Amino acid sequence: AQSVTQLDSQVPVFEEAPVELRCNYSSSVSVYLFWYVQYPNQGLQLLLKYLSGSTLVKGINGFEAEFNKSQTSFHLRKPSVHISDTAEYFCATQGSSASKIIFGSGTRLSIRP
Amino acid sequence: DTGVSQDPRHKITKRGQNVTFRCDPISEHNRLYWYRQTLGQGPEFLTYFQNEAQLEKSRLLSDRFSAERPKGSFSTLEIQRTEQGDSAMYLCASSLDGGAEQYFGPGTRLTVT
Numbered sequence: 001a002q003s004v005t006q007l008d009s010q011v012p013v014f015e016e017a018p019v020e021l022r023c024n025y026s027s028s029v030s031v032y033l034f035w036y037v038q039y040p041n042q043g044l045q046l047l048l049k050y051l052s053g054s055t056l057v058k059g060i061n062g063f064e065a066e067f068n069k070s071q072t073s074f075h076l077r078k079p080s081v082h083i084s085d086t087a088e089y090f091c092a093t094q095g096s097s098a099s100k101i102i103f104g105s106g107t108r109l110s111i112r113p
Numbered sequence: 001d002t003g004v005s006q007d008p009r010h011k012i013t014k015r016g017q018n019v020t021f022r023c024d025p026i027s028e029h030n031r032l033y034w035y036r037q038t039l040g041q042g043p044e045f046l047t048y049f050q051n052e053a054q055l056e057k058s059r060l061l062s063d064r065f066s067a068e069r070p071k072g073s074f075s076t077l078e079i080q081r082t083e084q085g086d087s088a089m090y091l092c093a094s095s096l097d098g099g100a101e102q103y104f105g106p107g108t109r110l111t112v113t
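Heads up: the sequence lines are chains A and B, in that order. Number 49 in my numbering belongs to position 49 of the first sequence; there are no gaps in the numbering. Number 49 in my numbering belongs to position 49 of the second sequence; there are no gaps in the numbering.
It should be emphasised that the hints constitute simulated quantities derived from the structure, not laboratory data. A quick note: this is a predicted structure, and the numbers were derived from the prediction, not measured. A couple of the hints might just be wrong.
[As the list claims (entries may be wrong)] Label pairs and their in silico Cβ distance ranges:
#1 B/Pro70 with A/Ser110: 40 to 46 Å
#2 B/Glu78 with A/Ser30: 32 to 38 Å
#3 A/Thr5 with B/Asn30: 29 to 35 Å
#4 A/Leu46 with B/Asn30: 14 to 20 Å
[Said to hold, decoys possible] In the SDA-like style, the derived pairs of lysine to any residue whose C-alpha atoms are separated by at most 20 Å in a straight line are:
#5 A/Lys58 with A/His82
#6 B/Lys57 with A/Ala1
#7 A/Lys49 with B/Asp97
#8 B/Lys71 with B/Thr38
#9 A/Lys49 with B/Ala100
#10 A/Lys58 with A/Asn41
Glycine included, C-beta positions come from ideal geometry on N, C-alpha and C.
Turn these sequences into a full structure, and let the hints guide you.
Printed below as a string of structure tokens:
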């Protein structure tokens, strides 16, 4: 069965500092991987996705993630965060049949000025 | 393209009452999904439709829950005899047939008192 583990429930960082949000997935079959962002009182927005091909995926708002098959990881990174990046970030996986998405429990990113 | 819309955005109901939520997907999308998100957790899959056919239901979807998509366009999710544990954000998403990316609506927040 597919599953996703987000290792940190909260990550506090200073503005303009780099950040990495960790995600590990578990699956015996090929998967698609995603990062979604949820701003306060808003719906889910897709940041980036990995379907196949290059393991380094670039998304919106300066975020990127690297698919690492040997470590079954898909960590999200940003070299310099802004106050506006304060949000909940969800790592997610989906089977290649493109049906339901399995979400992690989320990481709350809080930015300190 | 107006995106996925959900109605109502907020619903407060008393325990034991029935509630119904509506989701309007992106017009050309054949697949429609329902998820539930409780406080501090990632969204959990409930069910999905391919056109009007309900193809998968989670074990989270008890007998009190029913979803329909009668004409393959909008969908409704009904909860009968609501319980306090049903309090959550109910999210709808849609995607193209076989497409991996799901587009999420803003959600309906249900509070059962």
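Right, here's what the structure says about each hint:
Under the hint 40 to 46 Å, the C-beta atoms of proline 70 of chain B and serine 110 of chain A, about 44 Å apart, fit the expected range. The hinted range of 32 to 38 Å is satisfied by glutamate 78 of chain B and serine 30 of chain A, whose Cβ atoms lie roughly 36 Å apart. Restraint check, threonine 5 of chain A to asparagine 30 of chain B: a C-beta distance of roughly 31 Å satisfies the suggested window 29 to 35 Å. For the pair leucine 46 of chain A and asparagine 30 of chain B, the beta carbons lie near 19 Å from each other, so the given range of 14 to 20 Å is met.
Taken as a hint, the lysine 58 of chain A and histidine 82 of chain A pair is honoured in the structure, with Cα atoms around 17 Å apart against an allowance of 20 Å. Simply put, lysine 57 of chain B and alanine 1 of chain A have alpha-carbon atoms about 16 Å apart, close enough for the 20 Å limit, and the pair holds. Simply put, lysine 49 of chain A and aspartate 97 of chain B have alpha-carbon atoms about 18 Å apart, close enough for the 20 Å limit, and the pair holds. About 30 Å separates the Cα atoms of lysine 71 of chain B and threonine 38 of chain B, which puts this hinted pair outside 20 Å; it is violated.
With a C-alpha separation of about 9 Å, the suggested pairing of lysine 49 of chain A with alanine 100 of chain B holds against the 20 Å cut-off. For the given pair, lysine 58 of chain A sits about 25 Å from asparagine 41 of chain A by alpha-carbon distance, which is inconsistent with the 20 Å threshold.
In summary, the numbered hints that this structure violates are 8, 10.
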